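Can you build the whole structure from these sequences, using the hints too?
Those protein sequence lines, which keep their order, are chains B and H.
Note that the first sequence covers residues 1 to 426 in my numbering.
Note that the second sequence covers residues 427 to 609 in my numbering.
Rather than coming from a laboratory, the hints here were simulated on the basis of the structure.
Note that this is a predicted model, so its numbers are computed, not measured.
Misleading hints may appear alongside valid ones.
[To be verified] These stretches of chain H come out as covered by chain B in the derived footprint (C-beta under 8 Å, 3 or more residues):
id: 1; segment: 487 to 496
id: 2; segment: 546 to 560
[Said to hold, decoys possible] The calculated BS3-like cross-link candidates involving lysine-lysine, where the alpha carbons are at most 27 Å apart (straight line), are:
id: 3; chain 1: B; residue 1: K2; chain 2: H; residue 2: K498
id: 4; chain 1: H; residue 1: K445; chain 2: B; residue 2: K17
id: 5; chain 1: H; residue 1: K558; chain 2: B; residue 2: K253
id: 6; chain 1: H; residue 1: K545; chain 2: B; residue 2: K181
[What the hints assert, rightly or not] On the chain B side, residues computed to face chain H include the following (Cβ under 8 Å):
id: 7; residue: N3
id: 8; residue: T4
id: 9; residue: I6
id: 10; residue: M7
id: 11; residue: L8
id: 12; residue: L18
Even for Gly, the Cβ is constructed at its ideal location relative to N, Cα and C.
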Amino acid sequence: MKNTEIMLDVIGEIDEKLIPDISETPKKRGILSFYITAVLCATAILAIAIGIPSLRKHENKASIYAFLDRAEISEIVKGTDPMNTNISFGDMGAGEIMAEDISKLDEVSPWSEDANITEMPVLRNDAFVDDEGILGGMQLFLDEEQMISIAQNAAKALSLEVTQLDVAKATDNVEIADPEKEKEIKNRIYSVDATCADNTTITVYGDGTVRIIFEGKTIPSKYNFSYNNTTDAEAAEVLDYLMTEYAGLTGFKNPKAYSCVEKGFEGEDDRSYCIYDSADDIRESILNHDLAYATFYPDENGNLFCIWINNAFCSSTYVGDYPIITVDEATEKLINGAYYSSIPDDEYFKKGELSADDIAMVQLKYRSAGEKYYVPYYEFYVELDPEISEEGFEIPDGTKLYGLLYVPAVAEEYLDVLDNATMVYQ
Amino acid sequence: MEDNMIIELYFSRDECAIKETSEKYGAFLYKIAYNILNQNESAEESVNDTYLRTWNTIPPTKPRKFSAFLTKITRNLAIDRFRKNTSEKQGGGQVTLCLDELHECIGGKTDVDDRIALKNALESFLRGLPVKNKDIFLLRYFYLMPLDEIADRYEMSESAVKMVLYRMREKLRGFLEKEGIVL
Numbered sequence: 001m002k003n004t005e006i007m008l009d010v011i012g013e014i015d016e017k018l019i020p021d022i023s024e025t026p027k028k029r030g031i032l033s034f035y036i037t038a039v040l041c042a043t044a045i046l047a048i049a050i051g052i053p054s055l056r057k058h059e060n061k062a063s064i065y066a067f068l069d070r071a072e073i074s075e076i077v078k079g080t081d082p083m084n085t086n087i088s089f090g091d092m093g094a095g096e097i098m099a100e101d102i103s104k105l106d107e108v109s110p111w112s113e114d115a116n117i118t119e120m121p122v123l124r125n126d127a128f129v130d131d132e133g134i135l136g137g138m139q140l141f142l143d144e145e146q147m148i149s150i151a152q153n154a155a156k157a158l159s160l161e162v163t164q165l166d167v168a169k170a171t172d173n174v175e176i177a178d179p180e181k182e183k184e185i186k187n188r189i190y191s192v193d194a195t196c197a198d199n200t201t202i203t204v205y206g207d208g209t210v211r212i213i214f215e216g217k218t219i220p221s222k223y224n225f226s227y228n229n230t231t232d233a234e235a236a237e238v239l240d241y242l243m244t245e246y247a248g249l250t251g252f253k254n255p256k257a258y259s260c261v262e263k264g265f266e267g268e269d270d271r272s273y274c275i276y277d278s279a280d281d282i283r284e285s286i287l288n289h290d291l292a293y294a295t296f297y298p299d300e301n302g303n304l305f306c307i308w309i310n311n312a313f314c315s316s317t318y319v320g321d322y323p324i325i326t327v328d329e330a331t332e333k334l335i336n337g338a339y340y341s342s343i344p345d346d347e348y349f350k351k352g353e354l355s356a357d358d359i360a361m362v363q364l365k366y367r368s369a370g371e372k373y374y375v376p377y378y379e380f381y382v383e384l385d386p387e388i389s390e391e392g393f394e395i396p397d398g399t400k401l402y403g404l405l406y407v408p409a410v411a412e413e414y415l416d417v418l419d420n421a422t423m424v425y426q
Numbered sequence: 427m428e429d430n431m432i433i434e435l436y437f438s439r440d441e442c443a444i445k446e447t448s449e450k451y452g453a454f455l456y457k458i459a460y461n462i463l464n465q466n467e468s469a470e471e472s473v474n475d476t477y478l479r480t481w482n483t484i485p486p487t488k489p490r491k492f493s494a495f496l497t498k499i500t501r502n503l504a505i506d507r508f509r510k511n512t513s514e515k516q517g518g519g520q521v522t523l524c525l526d527e528l529h530e531c532i533g534g535k536t537d538v539d540d541r542i543a544l545k546n547a548l549e550s551f552l553r554g555l556p557v558k559n560k561d562i563f564l565l566r567y568f569y570l571m572p573l574d575e576i577a578d579r580y581e582m583s584e585s586a587v588k589m590v591l592y593r594m595r596e597k598l599r600g601f602l603e604k605e606g607i608v609l
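See the structure below:
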């Protein structure tokens with residue numbers, strides 16, 4: 001049999017998960033929009049270079065991801081495939097946060113219990129390649145050409161000129177003992193570094209995440225931009241400035257911002273500055289808030305040191321809408337011990353056991369820690385026993401200690417639970 | 427009827443399973459077969475053979491993605507039928523065209539003798555592609571969908587689809603060469 005005939009046969013034998021479902025005619029309009037990675041064709045590059053708004057349904061022309069085809073979802077589908085929602089906390093230590101008060105940790109999510117949302121989208125993270133847990137969570141998806149384009153677009157948005165490009169392959173960053181795994185990823189790109197004329201470095205990672213490091217980019221002196229010496233009002237002013245100044249970089253049409261304040265080990269403030277794109281559809285807003293946002297970091301002089309831009313959409317696939325449980329149902333699971341957390345044991349809870357009275361806050365949240373699926377969880381902030389401490393460490397005065405506990409929001413029948421068919425993983 | 431309910435009918439050996447499958451997927455499977463065979467009667471026979479094969483396979487098989495399960499059967503049966511046909515006039519212009527196109531990525535001098543290695547390599551290649559590119563590739567070479575249909579589905583020009591496919595075939599050839607499958 002000729003090779004081409006063999007190839008035709010072998011294509012017919014591939015994993016069904018790879019086969020696109022065309023059993024229903026795609027509709028032309030949908031409720032939500034997602035980035036779908038597109039062909040980087042010569043037409044698209046030319047369009048960007050000379051400013052022709054040629055790409056169809058293209059909204060964020062100014063965004064660094066502009067060349068990606070922002071297509072409407074053709075159809076909202078009901079999710080059916082079960083998924084693994086295990087959370088690996090790695091070596092990040094206990095999932096505890098200190099703060100003056102729970103209000104300081106409020107990320108001002110578009111979600112609220114009153115929204116009465118009954119279904120939420122699930123996305124498959126196509127950049128997840130580390131099933132065996134041997135790649136340190138490396139995210140690999142975009143190709144070199146696409147990553148270079150993102151870097152160049154970012155430089156252009158910052159009015160910078162790229163003077164050097166460095167490409168790092170996956171195998172440059174990790175030693176892989178498994179020859180099969182090495183073969184699988186050896187030609188994949190881990191990161192692209194673009195160095196600019198003023199020494200700004202733009203790094204694009206395999207899932208489309210971007211990190212920009214400046215050599216102390218000054219911001220107007222009237223803004224008090226710091227981790228530990230900025231009031232809530234001052235933070236709002238800084239964010240207002242950043243939203244406008246970097247609109248071309250983020251491409252957010254309707255930016256919203258929030259700033260949280262954790263407490264460090266010595267009681268000092270540790271403030272964060274985040275911006276995301278709000279949308280008319282609450283579910284899209286939630287997704288943007290959790291999966292497509294920008295964070296800004298000051299240096300010790302109040303200058304802009306770093307920007308991180310996350311965009312899970314450019315390396316993920318819409319799986320379907322899944323029914324979600326209510327907050328009450330999630331709370332019941334929580335109290336019954338069916339949650340994910342890295343809190344070592346029950347001693348950390350007040351009175352030695354988890355109580356609903358100690359729940360300080362709950363929000364519906366997609367984790368963006370590079371897991372296999374982007375699925376919604378109920379993220380519970382539980383106030384912990386302030387007396388518990390690691391040896392040699394005491395919680396600073398005026399500080400409360402909160403633990404983060406996660407309950408999958410997707411209805412249980414869609415969860416790929418492990419052997420014991422329970423969800424108690426700590 | 428939901429797919430999981432149809433599958434339950436197969437498990438219960440309820441012949442309504444075939445009726446439900448036909449109602450939900452019949453037209454779609456016919457289209458796949460017709461793309462390959464270009465003849466009504468042969469396409470219908472392929473679809474009917476699909477129902478029989480499905481009845482004989484479920485149980486014990488329990489497909490996780492029923493549409494993909496059916497699609498594979500119909501597609502492969504139709505290609506088998508195409509090959510058995512001695513007349514070039516009967517049968518898919520699409521099959522001949524696709525074989526010609528695939529020659530660019532696997533038409534080497536050395537015969538491929540390890541189909542499993544080829545399948546694994548192909549799956550690995552496909553997983554590494556952006557989703558849209560992967561889908562366009564499979565719409566063409568799995569579904570043997572005509573270029574104008576693919577173009578219409580993605581609101582692209584036909585020439586843009588051709589370019590996408592050309593680039594994918596080039597990449598696949600390079601990939602298979604590096605894997606040592608094609609020389």
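Hint check results:
no., hint, verdict
1, 487 to 496, "holds (count 6)"
2, 546 to 560, "holds (count 11)"
3, B/K2 to H/K498, "holds (21 Å)"
4, H/K445 to B/K17, "holds (25 Å)"
5, H/K558 to B/K253, "holds (25 Å)"
6, H/K545 to B/K181, "holds (16 Å)"
7, N3, "holds (5 Å)"
8, T4, "holds (5 Å)"
9, I6, "holds (5 Å)"
10, M7, "holds (5 Å)"
11, L8, "holds (6 Å)"
12, L18, "holds (5 Å)"
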